[in-house]
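Below are the chains, spelled out letter by letter.
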Amino acid sequence: MPAISFQSVSKTFAAGRGGTGKPLKALDDVSFDIEPGEFFGLLGPNGAGKTTLISILAGLSRATRGRVLVQGHDVQADYAEARRCLGVVPQELVFDPFFNVRETLRFQSGYFGVSHNDDWIDELLASLGLADKAEANMRQLSGGMKRRVLVAQALVHKPPVIVLDEPTAGVDVELRQTLWQFIARLNREGHTVLLTTHYLEEAEALCGRIAMLKQGRVVALARTSELLDAASSNVLRFKIDSELPKELARKARITGRIVQFPAHDALEVERYLAAVREAGLRAQDVEIRKADLEDVFLDVMAGDRAARPAGAA
Amino acid sequence: MIGWRTLFYKEVLRFWKVSFQTVAAPVLTAVLYMMIFGHVLEDHVKVYDTVSYTAFLVPGLVMMSVLQNAFANSASSLVQSKIMGNLVFLLMTPLSHWNWFFAYVGSSVVRGLLVGAGVFASTLFYAVPTFVAPGWIVVFAVLGAAMLGTLGLIAGLWADKFDQMAAFQNFVIMPMTFLSGVFYSIHSLPAFWQGVSHLNPFFYMIDGFRYGFFGVSDVSPWLSLGVVGTAFLFVSAVAVHLLRTGYKIRG
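Sequences listed follow chains A and B, in order. Under my numbering, the residue at position 49 of the first sequence is numbered 49, and the numbers go up by one with no gaps. Take any residue in the second sequence, count from 1 to its spot, add 313: that is its number in my numbering.
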């Protein structure tokens with residue numbers, strides 16, 4: 001039985017949202033399964049439907065069509081069981097200003113029917129570096145500390161399936177390390193993890209399998225290694241001082257002075273460099289590196305390449 | 314059981330942590346009403362021929378405080394959680410719509426009765442009413458608080474911002490309370506306004522509550538119980554339906 005099963009999930013928002021005046025199709029027939037014990041990445045640009053999908057999974061929102069199962073429990077028909085299996089770290093930094101950290105975690109345990117949970121709460125606080133903040137009011141915590149409490153809140157009832165919706169947005173390096181070590185440990189201990197993130201190197205380092213969403217549709221679904229293999233194997237990277245000619249610029253990824261071309265072999269590299277020279281430009285700091293997930297991501301999102309390995313919807 | 318008990322306890326603790334605002338302030342307000350209206354009207358008004366105005370005023374003020382605070386509790390808690398965004402912590406739990414209903418309404422009843430008891434204790438300095446039928450006092454206090462706690466729940470679900478909640482409170486709840494006979498017996502009104510008052514369910518709460526003290530009222534306490542009970546069942550059905558369908562809280 002899959003840990004999470006999305007079955008033909010569609011979501012349409014009524015007209016008027018975002019001032020567009022016509023209904024917005026946020027998700028369009030999304031189907032894929034996440035197996036128990038997987039570390040799964042859900043990627044996509046802003047507005048691709050990642051958070052909508054997570055909201056439907058968590059019961060915050062309802063699918064217009066299709067259904068979602070968590071460990072075999074329908075998130076609508078059997079919501080209590082489905083939610084007991086699920087620990088969700090929301091994207092927004094929300095908190096209840098009336099209570100301190102320990103009260104917050106005790107209440108969250110109680111909502112899931114777990115009483116006398118202080119041993120596990122203490123372990124969570126220690127693992128997330130919150131031990132000395134247990135009695136601090138939520139209002140007094142920094143953003144990073146609030147984020148840690150959100151993670152602890154999602155885990156108070158020891159859910160087998162953990163969902164993290166962009167947990168590292170705006171988080172400093174130290175917390176990111178602490179967080180990933182902790183989540184990786186939980187994953188090793190058998191928890192299924194579903195992660196959405198904007199940091200593609202995180203997804204590349206952590207996720208065994210990845211789905212990419214674009215405009216509410218799954219545009220890629222494969223093992224991370226397969227996605228990387230399917231992309232152009234190399235990237236030619238250099239700096240220039242002035243603008244590239246238009247037809248060259250179209251094929252490149254340009255970040256300020258840095259220009260990157262996907263290149264499959266030496267011939268292609270030579271061709272690009274020759275074109276740059278013919279345009280009267282001088283390429284500096286030239287290097288060739290292995291393609292990473294960001295390259296795959298941009299390829300898939302651009303939709304002009306056949307980076308759709310087996311299994312893609 | 315643990316689930317709804319936790320939410321109930323959380324909601325009680327929430328208002329208790331700011332009890333100056335949620336308990337002490339409404340008690341003081343009621344005492345001020347008592348001082349001023351009691352002073353001005355004590356010598357001029359007799360109600361039901363035998364009851365002094367100050368004594369008549371006590372149950373009315375107590376009930377008004379019970380109702381307004383029960384409403385404010387669930388309404389402000391929900392609106393605040395919606396605006397702060399921390400309602401997600403509840404929405405993602407296995408708590409059922411019944412759990413939500415009993416926890417929010419239950420904590421509102423607790424706050425309403427607590428403020429009511431505070432008002433009653435403070436007004437004892439001015440007038441000690443009689444207790445002809447204490448059973449009716451308890452029944453109407455609890456039922457009134459539950460009814461307003463439920464209305465607060467509905468208002469809290471409906472309102473997207475504090476302004477809308479305040480509008481509900483100031484343009485619906487306040488007039489219905491003030492025009493329900495808190496400060497006067499509706500028998501003193503012209504026939505037309507007596508008729509209008511009979512359409513206001515709040516009137517029956519206060520009238521039945523007052524019957525428990527004096528053994529006299531504008532209508533029979535059984536009629537009041539019937540009206541208030543029916544109204545409570547109706548608003549409860551609406552509230553539970555809204556919770557079940559996730560009105561304005563689940564997209």
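By construction, these hints were calculated from the structure, which means they are not laboratory data. Keep in mind it's a predicted model, so treat the numbers as computed, not measured. Treat the hints with caution; some may be incorrect.
Unchecked claim - Computed beta-carbon distance windows for the label pairs:
no., chain 1, residue 1, chain 2, residue 2, range
1, B, Tyr-361, A, Glu-92, 54 to 62 Å
2, A, Glu-189, B, Phe-415, 33 to 41 Å
3, A, Asp-33, B, Asn-483, 28 to 36 Å
4, B, Met-314, A, Asp-74, 42 to 50 Å
Glycine included, every Cβ here is placed at the ideal spot set by N, Cα and C.
Quick rundown of the hints versus the structure:
no. : hint                                 : verdict
1   : B:Tyr-361 with A:Glu-92: 54 to 62 Å  : 57 Å, holds
2   : A:Glu-189 with B:Phe-415: 33 to 41 Å : 37 Å, holds
3   : A:Asp-33 with B:Asn-483: 28 to 36 Å  : 53 Å, violated
4   : B:Met-314 with A:Asp-74: 42 to 50 Å  : 24 Å, violated
In summary, the numbered hints that this structure violates are 3 and 4.
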